[in-house]
Structures are given as C-alpha cells and as structure tokens.
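Asker: One-letter residues, chain by chain:
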Amino acid sequence: MSKFKKKKDGGLAPINTASLPDIVFMLLFFFMVATVMREDTLKIKNSLPVADQVEKLDKKNPVSYIYMGKPSENYKKYGTEARIQLNDDFASVSDVAAFIAAERAALREELIPFLTVSLKVDRDANMGIVGDVKQELRKVNALKINYTTGVGDALTNMR
Amino acid sequence: MAKRAAPEVNAGSMADIAFLLLIFFLVTTTIEKDSGINRKLPPMEDNTEPPIIKQKNIFTVLVNKQDRLLVEDEPMEIKDLRKAAREFLDNNGDGTCSFCKGARDPKSSDNPDKAIISLKNDRETSYAAYISVQNELVAAYNELRNRRALEIGASRGFPNMNFQEMQELHKDVRWSGNKTKLKDLIDQIKTEIPQKLSEVVE
Numbered sequence: 000m001s002k003f004k005k006k007k008d009g010g011l012a013p014i015n016t017a018s019l020p021d022i023v024f025m026l027l028f029f030f031m032v033a034t035v036m037r038e039d040t041l042k043i044k045n046s047l048p049v050a051d052q053v054e055k056l057d058k059k060n061p062v063s064y065i066y067m068g069k070p071s072e073n074y075k076k077y078g079t080e081a082r083i084q085l086n087d088d089f090a091s092v093s094d095v096a097a098f099i100a101a102e103r104a105a106l107r108e109e110l111i112p113f114l115t116v117s118l119k120v121d122r123d124a125n126m127g128i129v130g131d132v133k134q135e136l137r138k139v140n141a142l143k144i145n146y147t148t149g150v151g152d153a154l155t156n157m158r
Numbered sequence: 000m001a002k003r004a005a006p007e008v009n010a011g012s013m014a015d016i017a018f019l020l021l022i023f024f025l026v027t028t029t030i031e032k033d034s035g036i037n038r039k040l041p042p043m044e045d046n047t048e049p050p051i052i053k054q055k056n057i058f059t060v061l062v063n064k065q066d067r068l069l070v071e072d073e074p075m076e077i078k079d080l081r082k083a084a085r086e087f088l089d090n091n092g093d094g095t096c097s098f099c100k101g102a103r104d105p106k107s108s109d110n111p112d113k114a115i116i117s118l119k120n121d122r123e124t125s126y127a128a129y130i131s132v133q134n135e136l137v138a139a140y141n142e143l144r145n146r147r148a149l150e151i152g153a154s155r156g157f158p159n160m161n162f163q164e165m166q167e168l169h170k171d172v173r174w175s176g177n178k179t180k181l182k183d184l185i186d187q188i189k190t191e192i193p194q195k196l197s198e199v200v201e
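Top line first, the protein sequences correspond to chains X and F. Just so you know, we're using numbering that gives the first Met the number 0 here: the first sequence kicks off at 0 and counts up by one. Just so you know, we're using numbering that gives the first Met the number 0 here: the second sequence kicks off at 0 and counts up by one.
No lab work stands behind these hints: they were computed from the structure. Check each hint, because a few of them may be wrong.
What the hints assert, rightly or not - The calculated lysine-lysine pairs, modelled on DSS-like cross-linking and capped at a C-alpha distance of 30 Å, are:
#1 X:Lys58 with F:Lys189
#2 F:Lys55 with X:Lys59
#3 F:Lys55 with X:Lys44
#4 X:Lys59 with F:Lys82
#5 X:Lys138 with F:Lys82
#6 X:Lys143 with F:Lys182
#7 F:Lys82 with F:Lys113
Quick caveat, the model's predicted, so the values are computed rather than measured.
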C-alpha cells in the first residue's frame with residue numbers, strides 16, 4: 000500500500016503569480032485603446048440628442064467645441080438655465096468671439112478656414128442660446144458648424 | 000485521507016493567452032468618433048439685397064415653443080415631415096427637372112434647384128426638437144439624392160450604390176478605384192439636388 004502514499008508537506012503550494020503582470024498589461028492596453036479622451040471637464044449636463052442622417056466629424060480638420068446645457072448638480076449655484084461652457088469654464092455669449100479668435104491663433108494659418116465648430120448642446124437646452132451662439136459665430140465668420148449628436152432614431156427626441 | 004499538495008499549474012502559456020486576447024481587442028475595438036449634422040451658417044452681409052424668391056418655391060417649417068410644427072401654415076406631425084419635404088423638392092412644377100417623379104403641382108416648387116426649405120424656430124424651442132426637424136429635412140434631401148444615385152450610378156460605373164455609400168467610398172483611403180470619376184458623379188448629384196436649407200435667424 001505504501002507505494003500510493005505521497006509525500007506530505009503540510010500547507011498549500013503557493014499560487015503562481017507569474018502571469019499576473021500579463022493580465023494587468025492586457026487590461027492596461029485594452030483601456031488605453033478603448034478610451035476616448037475627454038477634451039474638457041464638463042460643468043454642465045450634456046446629453047446629446049440623437050439623429051440618423053449624421054456625418055462623421057472629420058478630425059483631419061481642426062475642431063473647436065462649444066458646450067451648452069444647464070449647470071450640473073455640483074454647479075447649481077450658477078442657476079438652472081442653460082449656459083455656455085468654453086474650455087473648462089462657464090462663459091457668456093460675448094466670450095464666444097474671443098474664444099474663436101484664440102482657437103484660430105493656435106492654428107497654422109492655412110488651416111484656419113477649415114476650422115469646424117462642434118456644438119455639443121444638451122437636448123433640453125432651448126434654441127435661444129443656440130441661436131445667440133450661431134449669431135456670434137457668424138459675426139466672427141466661423142461658418143462651418145456641426146450639430147454634434149448621438150446616433151439613433153431622431154423621432155425619439157420628441158417626448 | 001492524506002492531504003495532497005496541489006500540483007503546480009504550468010503558467011508558461013498564460014502570456015500567450017494574454018497576448019491573444021490583447022490582439023483580439025486591439026483589432027476589434029473602434030474608437031468612437033463624434034458625429035453630427037454638418038451645417039454652414041450664412042455669412043454676415045448687411046447691405047446685400049435679398050434675392051427675390053417666389054413664395055411657392057419656399058417650404059416654411061416653423062417649430063414653436065411647445066415643439067409643435069407648422070409646415071406651410073398647416074400643423075403637422077414630425078413623422079410626416081420627411082415625406083412632405085420630399086414631395087415639395089421632387090415636385091417639378093416647371094418640368095425642367097428630368098429625373099423628378101413629383102406631382103407637378105403648379106402651387107408647389109418649380110424644380111429642386113429653386114426649392115428652398117426655410118426653417119424657423121422659437122427661442123423656447125427645445126434643441127432636441129430642432130435636431131429632429133433638421134434630421135428629417137436632411138433625410139428628405141438624402142432620399143432624393145440616393146434615388147438619383149441609383150438611377151445614374153450604373154451608367155457611370157458605380158452600380159447599386161446610393162449617394163451616402165458613394166460619399167463613404169470616396170472618403171475611404173483604402174479604396175483604389177477611380178476617385179476623380181466618383182467625385183464628378185457626387186458633385187453632379189449635389190448640383191442637381193442642392194441642399195438649400197435656410198435657418199432663419201431673427
């Protein structure tokens with residue numbers, strides 16, 4: 000019978016952790032690839048409406064973002080009406096012209112006419128503020144705009 | 000029963016598995032890109048006289064503050080807007096449009112080149128409603144362009160492709176076909192059915 004007896008060594012054998020770095024690197028690479036970099040920290044509510052006749056926003060041309068929406072929970076002191084956010088802070092309609100000028104100054108001269116302004120507007124914002132911004136953009140001759148939306152059935156926007 | 004030591008698992012192939020998964024995800028994930036409706040704002044010109052446009056060539060869409068639509072002075076549901084806009088563009092009142100299939104109603108637009116859609120909104124209109132209306136109007140143009148593309152595409156060497164597929168193919172850098180030919184075709188369709196969508200700014 001003694002030939003079936005194995006050597007006893009008391010405790011459990013340690014778990015081999017040689018593959019842990021592999022797993023960690025794999026996760027790291029996966030998230031590196033799959034994440035979209037946020038351009039700005041949003042201080043406003045920004046859930047975009049959906050549309051199905053959309054075109055891809057071409058990143059080959061320079062893009063500037065203007066956000067609009069009502070201030071989010073942490074910034075309630077700024078009111079409940081929709082506000083404009085440029086870069087990282089709240090702004091008023093009159094700041095739009097300066098913002099576009101600054102964006103243009105950062106570009107190479109030959110790219111300036113191709114600057115597209117992407118309007119990221121919350122679905123619950125009303126058109127008044129959007130109209131004001133459009134008017135400002137016309138004044139500084141930034142005419143290429145893109146109403147940035149999600150992809151989906153447009154009829155579901157109307158509730 | 001005697002307690003046995005757990006046999007050691009060979010972890011040498013773990014790295015292979017990890018790399019396999021890594022490469023799989025690398026290949027299959029697509030980075031999300033922003034998409035939206037491209038528009039061009041009218042330039043600021045104060046002293047130009049507005050061109051004279053016949054009333055029948057203008058298709059007025061008004062979105063009020065309750066997000067309801069008034070199309071050509073008649074209330075309308077958003078789901079009917081696409082069809083109404085398409086019928087207006089496709090009407091061919093003066094018979095100069097060879098590819099139109101419209102009703103040739105003398106009270107509606109002359110031809111797609113002259114037809115203008117005018118979109119007006121209230122300050123309190125919600126953005127979501129505005130985007131829906133924009134989307135439906137762009138869809139009406141796209142439907143007509145797609146139909147035209149299917150009609151003339153075959154004779155120009157691009158059969159069974161609609162307008163949007165043509166545009167995508169033209170943007171595709173890996174495609175090795177005749178880009179200038181395709182560009183000509185796209186431009187021709189664009190001039191035949193121009194997107195004349197004016198957003199009224201008060």
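Asker: Checking one constraint from the list: CA of lysine 55 of chain F to CA of lysine 44 of chain X, max 30 Å. Satisfied?
Answerer: Violated: lysine 55 of chain F and lysine 44 of chain X sit about 42 Å apart, past 30 Å.
Asker: Holds or violated: are the alpha carbons of lysine 59 of chain X and lysine 82 of chain F at most 30 Å from each other?
Answerer: Violated, at about 35 Å.
Asker: CA of lysine 138 of chain X to CA of lysine 82 of chain F, is that 30 Å or under?
Answerer: violated (35 Å)
Asker: Compare the distance between the alpha carbons of lysine 82 of chain F and lysine 113 of chain F with 30 Å, and conclude whether the hinted pair is satisfied.
Answerer: Holds, at about 19 Å.
Asker: Within a Cα-Cα threshold of 30 Å, do lysine 55 of chain F and lysine 59 of chain X meet the stated pairing?
Answerer: violated (41 Å)
Asker: With the threshold set at 30 Å, check whether the alpha-carbon distance from lysine 143 of chain X to lysine 182 of chain F stays at or below it.
Answerer: The hint holds at about 21 Å.
Asker: Lysine 58 of chain X and lysine 189 of chain F: Cα distance at most 30 Å?
Answerer: Judged against 30 Å, a Cα distance of about 23 Å means the pair holds.
Hints 2, 3, 4 and 5 from the list above are not met by this structure, while the remaining hints are.
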